[in-house]
Each structure stands twice: as structure tokens, then as C-alpha cells.
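Line order of the protein sequences matches chains A and B. Using UniProt numbering, you'd call the opening residue of the first sequence number 1 and step up by one each time. Using UniProt numbering, you'd call the opening residue of the second sequence number 1 and step up by one each time.
These are computed hints drawn from the structure, not numbers from a lab. Built from N, CA and C at the ideal position, the CB exists for glycine as well. Be careful, since some hints might not be right.
[Stated by the list, open to error] Simulated DEER-style distance windows between Cβ atoms:
no. : chain 1 : residue 1 : chain 2 : residue 2 : range
1   : B       : Thr255    : A       : Gly303    : 38 to 44 Å
2   : A       : Pro135    : B       : Glu320    : 41 to 47 Å
3   : B       : Gly238    : A       : Ser240    : 40 to 46 Å
4   : A       : Gln277    : B       : Phe92     : 23 to 29 Å
5   : A       : Glu324    : B       : Ala132    : 52 to 58 Å
6   : B       : Ser240    : A       : Glu23     : 52 to 58 Å
7   : B       : Ser240    : A       : His243    : 41 to 47 Å
8   : A       : Asp140    : B       : Ala57     : 41 to 47 Å
9   : B       : Gly242    : A       : Asp140    : 20 to 26 Å
10  : A       : Gly213    : B       : Gly238    : 27 to 33 Å
11  : B       : Gly242    : A       : Ala261    : 35 to 41 Å
Protein chains: 2
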Amino acid sequence: MSHVLVLGAAGMIGRKLVERLVEDGKVAGHEITRLTLADVVEPTHPPGLALPVDTHAADISAPGEAERLVAHAPDVIFHLAAIVSGEAETDFDKGYRINLDATRALLEAIRNFGGDYHPRLVFASSIAVFGAPLPERIADTFQRTPLTSYGTQKAISELLVNDYTRKGFLDGVSIRLPTIVVRPGKPNKAASGFFSGIIREPLNGEEAVLPVGTDVVHWMASPRAAVGFLMHAAELDGESIGHDRALTMPGLAVTIAEEIATLAKVAGPAKTNLIRQEPDAAIAKIIAGWPRSFDAGRALSLGFKADASFEEIVRLYIEEENIEV
Amino acid sequence: MSHVLVLGAAGMIGRKLVERLVEDGKVAGHEITRLTLADVVEPTHPPGLALPVDTHAADISAPGEAERLVAHAPDVIFHLAAIVSGEAETDFDKGYRINLDATRALLEAIRNFGGDYHPRLVFASSIAVFGAPLPERIADTFQRTPLTSYGTQKAISELLVNDYTRKGFLDGVSIRLPTIVVRPGKPNKAASGFFSGIIREPLNGEEAVLPVGTDVVHWMASPRAAVGFLMHAAELDGESIGHDRALTMPGLAVTIAEEIATLAKVAGPAKTNLIRQEPDAAIAKIIAGWPRSFDAGRALSLGFKADASFEEIVRLYIEEENIEV
């Protein structure tokens, strides 16, 4: 018997996570008996479900909201709610309010619940906690010196999750998601959007702009792998993780050139003509500060699994989104 | 012409910093024309000073206090105000309020001042940002995974100082102070207190309790070296530091055995009989999670200077505090 709360349930990963929770009917080995879904816009009610589902349109940075969401003592909390990197950079106050203050409000609501309540909290962090100068391959023990406000807010949240866990107020796990590729739907405000765009737009017969060179390397995972990370983080034995509850998830180090070659292989070389190279110095500068490749040894030893190949990532997208190729 | 604000001016390091500022009459190459001193208790007015000095009893976590303190646009701000490690561990709310919220209030007050105001902020951080498992010698690029709330609050503040600096709201430098030895005066609530106590108390003819083994190694600096770090941090060229404005200060890796041997050498072997070994598993566990030795290469290359030897540290203490030996 498990009550699951998903914050950020209306986002891309949130929706896919909810689908998976409904499909599995259980989390961390326990049957899901109640589902609470929250986001800044009201999340969709999963269809044809026997168990009780509450959906909330909530700004968890608003006074009392976090308390309201944990009022029924969820056993597993997935915290995916965030302002994306581009918007957190342009709207400094909003980024800190949602990505830091709301996270802290959630931690405080759990801490102040009282009794012996200490739920598993799975916090979606990001590889944006790392910033240049970076080694070619980043060890699990490498410092976090983010170069964006978004990365700063994620790094701070990881520290808070560790401290609240250490104090016994909750049982947290922070997972640093790679950049999610291929994101379905429309471009969002993330500076990393083009990593998906150069696959997604051509597959839809549309033009995609590539603002960086083809030698750029990036750390990627499919939406399905990301959901797998979240589900696995929910079931991990906390003690086995150790003091530092923040884990870099295993991804694939993929170059833009590999992305383009894979698009050609899977959907035909003509599709690659839809990628228009239009160098953008501002974006190139942001990307240059980002990590490229990791030794995700800790996560691998705890059983987290990366995608098999970039080709599999593209084929998954085509299958899940019913794209004609 | 420089207006200097010292937050935490009534603390041990704060008082020594003010003495040095008064003695030098300048900071970062500029004549000090105004001095604002604040602490939770009203700081002492430095005697015989021609320039304007304001002293404030202020809780900078209280609404409006940070704005009040930066109202006259100080050019250099030393932020030393903090709840010490032991108290931050036992009073979770107070620790976060003073060590995190107040720091953030200060950063926001500076940011919201407007115009082209972006003062040099020197933030006193701590090696408590590091936590086990630790290598024997810690590189500048090693991760910060604190094992105390105090260390967490300092690590978060460093991230905030970096982000506010990157955004151009201020010009910050965070310096990670080693444990300060020999602290004059009475023991405080810091778990590291005995590193000073086993020198200070015997020199005063009093008994000191040693709660850990003599093989324990710790990273130390004298109060004079700490003040030197602060003064140097105020005058550094920000650009030369790079994106990561947090620097581990050069200290000395000293064993308890070396401390005892130095006490014997400087004040006679009889004094060491006043050190009573009384192992305390709780303190030993805290200390075991602390760093021992650093490669402080970045700070050294920027011109920060460590003490010459532990013997010099003890002799400095004897001289500055007018101890009879």
C-alpha cells in the first residue's frame, strides 16, 4: 500500500512517470493505493483508473501549499517541478522562488508533519550542477560549480535534501538527469532544446536550427530511461547510497555528428537537409560551460541503467510518438 | 576612499579584523573613510579613531535589517556573522535562519540597491563544506558534501555568492577558513573547540579535555593568518579568481600529537599534564567526517599565505594574549 505524490506531474517527464506508475500499479514493491498529482497547471486525470487520484493546480512556493500536498502523508514523493534553465536565467526571482524556495517549503512541510513520517523523496536534479572548467570525463567526486542560476538552484536543493536526510526528517535521493533527448512536443525555453530539436523537427518534416558545431558532445538519456531512473530511485535502499544522496545518472555521451548520422540512418539522409546550421555565439558559450561525459560509477553500482545506444533513443521516440518514417 | 562594513564584528575574528582595519587605515589600497560594524550584540567602538564609525546591534535575518546595513553603499563588506557548527546542529531553525536566510537577505539587499552598485563581498566560509568519504589530501576540485547543517549552510552560501557574482549583482569572494587555533577566550559551542582548548587551557594553568586520539590530523590557521586571508580577499582582482569564487585557504595539517609536543616545547612539558584524555565517541565521529589536509593550490597561486609552523601559531597566541610562560 503506497500513496504517491508527483510534483510537476503535468510536465513531459511527469506525464510519462504517471503513465508508468499507472501501468505498473506499484512503486518500490508496494501497490499504489492513492495518487496525488500536482503542477502549476492542473495535471490530467489518468483515464480508467480504479484507485483514488487527486489532481491539484498548485504553486508550491505559495504559503501553505506544500503543507496541503503532504497533508495525507504520501509514502513516495517525486519532486520534478521546476522552472527550466533558460527561464531561470532570465527571471532570477521566479527561478529562485520555484527551484529553491518551493523545494525548501516541501522539505519543511515534510519535516514539520511530525510523528515518524519520513517519506522517500525523489528529487529530479540536473547535470547543470556542473560547470566549466570541467575534465573531459567527470568523476562522481567532482565539485559542483554551476554556471547558471538553474544549476545553482539544483545544487543547493541537493545539499538541502542531503541535510534533511542526514537529520532523519525524510529519506531523500537526488538524481541528476542527463539532458532528455528526444523531447516530444514543442521546443521549451531550455538552452539545451536543440539537442532534441535536430531530431524531432526533421522527423516532423520541419526545419531545425543547429546553433553549435557538430563536434559538441553532450550527456543524454531518453524519456523512458529518465522514468526508469525515477522508479529505481524510489525503491533504492537509502542506507546503501551513503551520506551523499545525489547521484549522476548514467547517460550516453553523444556528439551532434552522431545525432545527425543516426537521423540519416533511421529516417533517411534527406531528413538531415532540414537541419540548418546557424552558429549562435551566445548559445555556444552556454554549451561550452556544460559537462560532456561522466563516470556514473556510483549510480551504475546501485543498479541505474542507461539507454543502450543513441539509435535506440531515436527509435524509442519514433515508436512512442507514432512518427511515420 | 572606502566605506567598510563588517558583519559579525563582535566575534573573535571580527574583532581582530577591525583592529587590523584600524591599524592599516586602508583596505584593498584605498583609505578607509567610514566603518560600519554590526553583530547580534553591539560591537565595541574602536578607541581613538578619527573616521566615522557606526555600530549596530542587528539580526540581519530580520526584515529590513540587511537593507539598513547596506543603505550607505559600503564598498567592501566582510560577512563573518554565523551560528557555529555545534549550535547549528542542535538548533536547526536558527542555523538556517542565520547562516542561510541572513546571507541571502544580504545578497538581495545588495542586488536591490540599484544603480551600478556591486561591492566586494568577502564571505567567511569553512572547510566544514567538505565531508567524508574524503581523500587524505583534498584537491581544489573535490566535491562539497558536508556532514553538518553548518557545513551545508556554508556550501549553499558559497553557491549563492558565485551566482550573484556571475550575474553581476556584486563581486564576491568566499574563503574557506581552516579551524582557527589558538582561539582566545572561553570555549564556544563549536565541536572543534578542543583543538584550541588543549593549548589555551594548559597555558592558563587549567585542565583541558581531549576527546579524540593523538593521531587525529586537522587543518589549522592562526587568527592572524585568518585576518590576513580576509584582507587579501578584499583586494583580489575578481576576474583573476575565475567563475568559482570559493577558495580553500592554506592552513597547516597538524596532528594532536604535534600540538602537544609544541605545547611542551614552548611552555614546558609539565603543561601537557593538564591535558586529560577522555575519549568521546560522539565527538570522534564528527571529527572523523572532517577534512584533514588540502592542496590549497588555487589560493596559494592567488597570493594567500599560510602560517609558517604550528610553533609560530602558539607563539603568536602567547604574544597577542600576553600569556606568561
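Please flag the earlier hints that this structure goes against, numbers listed from lowest up.
4, 7
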